[in-house]
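Engineer: What follows is each chain in one-letter form.
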Amino acid sequence: MQCKEFVSVLEQQGLSVLPDAAQDHLAACAACQDFLGDLSAIVVTAKEFPAEIDPPQRIWVSLRAQLEAEGLCKHPVGITAEASSHWLESLRAWFSPRTLATLGVGLSLMIAAFLQFHKSPARVTPSARLATPQVQPDLPKLADQTPTPPPQVASTIRPTQLPVTAKTQQLKPLQASDPSIVPLTPSENIQYAGTAGFGGPGDEGPNGHLVSNPELDESMRTNLRTVNEFIAECEAHLKKHPHDTLAREYLQSAIQQRQELIDAILDSGRSEQ
Amino acid sequence: MMRWIFGERTVLTVLGVGALLLGSSPVWGGGPETQEQHFVVKNRPVVVLQNIVNGRIEVKSWKNPEVVVTSTYSPSKVEVDIEQAGDRIDISSSALTDSTAPHDAEANFQLTVPEQTELQLKTQTGLILVEQVSGDMKLQSFAGDVHLKEVSGYIIVRTSGGSLVCTQCAGKLEFTSISGHAQILQPALTNVNLMTTTGNITYDGDFLRTGIYTMNSGRGLVEVRFSGDDSFDLKAQTILGTVDNQATEYVKPDTHEGHHKRKFSNSLLFGTVGQGLAKVELSSYSGTIRILKRN
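Residue numbers (the numbering used here), protein chains in the order written: chain A, 1 to 273; chain H, 1 to 295.
The shape of chain A in the complex, shown without the other chains:
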């Protein structure tokens, strides 16, 4: 039995029961042993994935917005033109045209005056409001300033560092024998279908509103494609040169970047496949 035949047997019959010929070949072929080991690891890992959950509400909000934007779905019409006409006629019966005009003018002036003098400010907390009535010194004319030399390094570098999340932690040098390294399968090719946010939970409006941005969508799509291609390239290289630690470092780094990108896409709640 050849390796190709062994793979086809696996595809047809699964991992559970192997024919004698396949078992004989497996016993003698290290490559197929590795292949079977990889498949088993994938199956075990897949079983640990959580069950599918309902998508969050923001997905439906985004979907509805997209459908409305494409004209496939319309808002329900609440009041018909006829009903509107009846409403106006009954109102007209209560007020004479002169009274209506007077009320309309007065109302317009009041609204206009209110809007003119009460521009909605950014929300400021009480503590911020306390700070607001400070005497404002003249802002520096930054563009006119002559550049000052950078501060001394010794005085500016402090031992304290910004909190670094797990995602931003540096990769440790990867050893060829690192058991945590599991070769990826070509099936890990995640498509991107548009996103709005970036980074983490809460990258949306307080009401679950999502911001469409073609530039951002295109960037995410392109970068995901790029990193997927790079991962595939590294994997192909590692198949030929499994002891190339530098290639393995690049692969691990690319996998981490892809994971962060996917996290950002999922967190933003647009869509993914």
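Please note that a few of the clues may not be correct.
[Said to hold, decoys possible] Pair by pair, the computed Cβ-Cβ distance ranges are: (1) A:T45 to H:L268: 34 to 42 Å; (2) A:V44 to H:T248: 47 to 55 Å; (3) H:S267 to A:A27: 32 to 40 Å; (4) H:K252 to A:Q2: 50 to 58 Å; (5) A:L39 to H:P253: 44 to 52 Å; (6) A:I42 to H:T210: 44 to 52 Å; (7) H:L292 to A:W60: 52 to 60 Å; (8) A:H241 to H:N43: 50 to 58 Å.
[Stated by the list, open to error] Calculated pairs, SDA-like style, for lysine to any residue (alpha carbon to alpha carbon, straight line, at most 20 Å): (9) A:K239 to A:A30; (10) H:K235 to A:E249; (11) A:K240 to H:R290; (12) A:K239 to A:Q33; (13) A:K239 to H:L240; (14) A:K239 to A:C29; (15) H:K235 to A:T245; (16) H:K279 to A:L246; (17) H:K252 to H:R290; (18) A:K239 to H:I239; (19) A:K240 to H:L240; (20) H:K235 to H:N191; (21) A:K240 to H:Q237; (22) H:K235 to A:D244; (23) A:K239 to H:S286; (24) H:K235 to A:L246; (25) A:K240 to H:I239; (26) A:K240 to A:F35.
Everything labelled a hint here was simulated from the structure, so no lab data went into it.
Since the structure is predicted, the reported quantities are computational estimates derived from the model, not experimental observations.
No residue lacks a Cβ here, since even glycine has one placed at the ideal position from N, Cα and C.
Assemble the complex: chain A is given as a structure, and chain H must be docked to it using the hints.
Structural biologist: Chain H in isolation, oriented as in the chain A frame:
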């Protein structure tokens, strides 16, 4: 008298004035507004800005113990929250409505901060510009570029497609990106870690003694320009690319332990410039690594 007051012409005039006032109101018109707010601080402030919508963030410094936040946005489309807690100032912006127009939900910020300020800034597509600020900072822009000038501290920059231009920066720098480029000019950095998958890396400046400099690009060009007075150990390694050493007269065989033999090849180069006090490690997957000496 009453007939004159409510005459047709008078009513029309008053209505017209009202309509004009309404139309001129920026809120009603939905146009962008600029708000400026001042926050007094005592010590080194920490400014956290999370721009969930699109927009540009510009940070400059002054000598006053005060943070000035100038924001420009449409109040009908974007909400901005600013909160001060002691010396920490949290700013966030988010979209109020679903929007399909790219620039509908946009908030631009200009911050004026004390020279010693810590920053955590995040935006999606806009530029992040920081000038003359000293302090630890974490800057994230998904597709936007990050420009730093005369900045010092522990600087972490993360982008997906945005590029970094760092001019006269000091301290420590970490840059991670998928397709963004990194350009480091006239630095006074003691620790540099640059990683981009497909972007290019350019380092034009001195390597400080005891500094550690790591620059990796998967498919991009890694170009280093050093001065004749520099002192560093060099390791340049590429998997499928080329090491293009254009400063052969300055790169001596590495005399340090472990690399007694000078090695030159298309994929690996060990060498020493000067006494080898700093450590420079360059690598690429398939990109070119170019080593040059500045004139």
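Engineer: So which of those numbered hints doesn't the model satisfy?
Structural biologist: Number 11 only.
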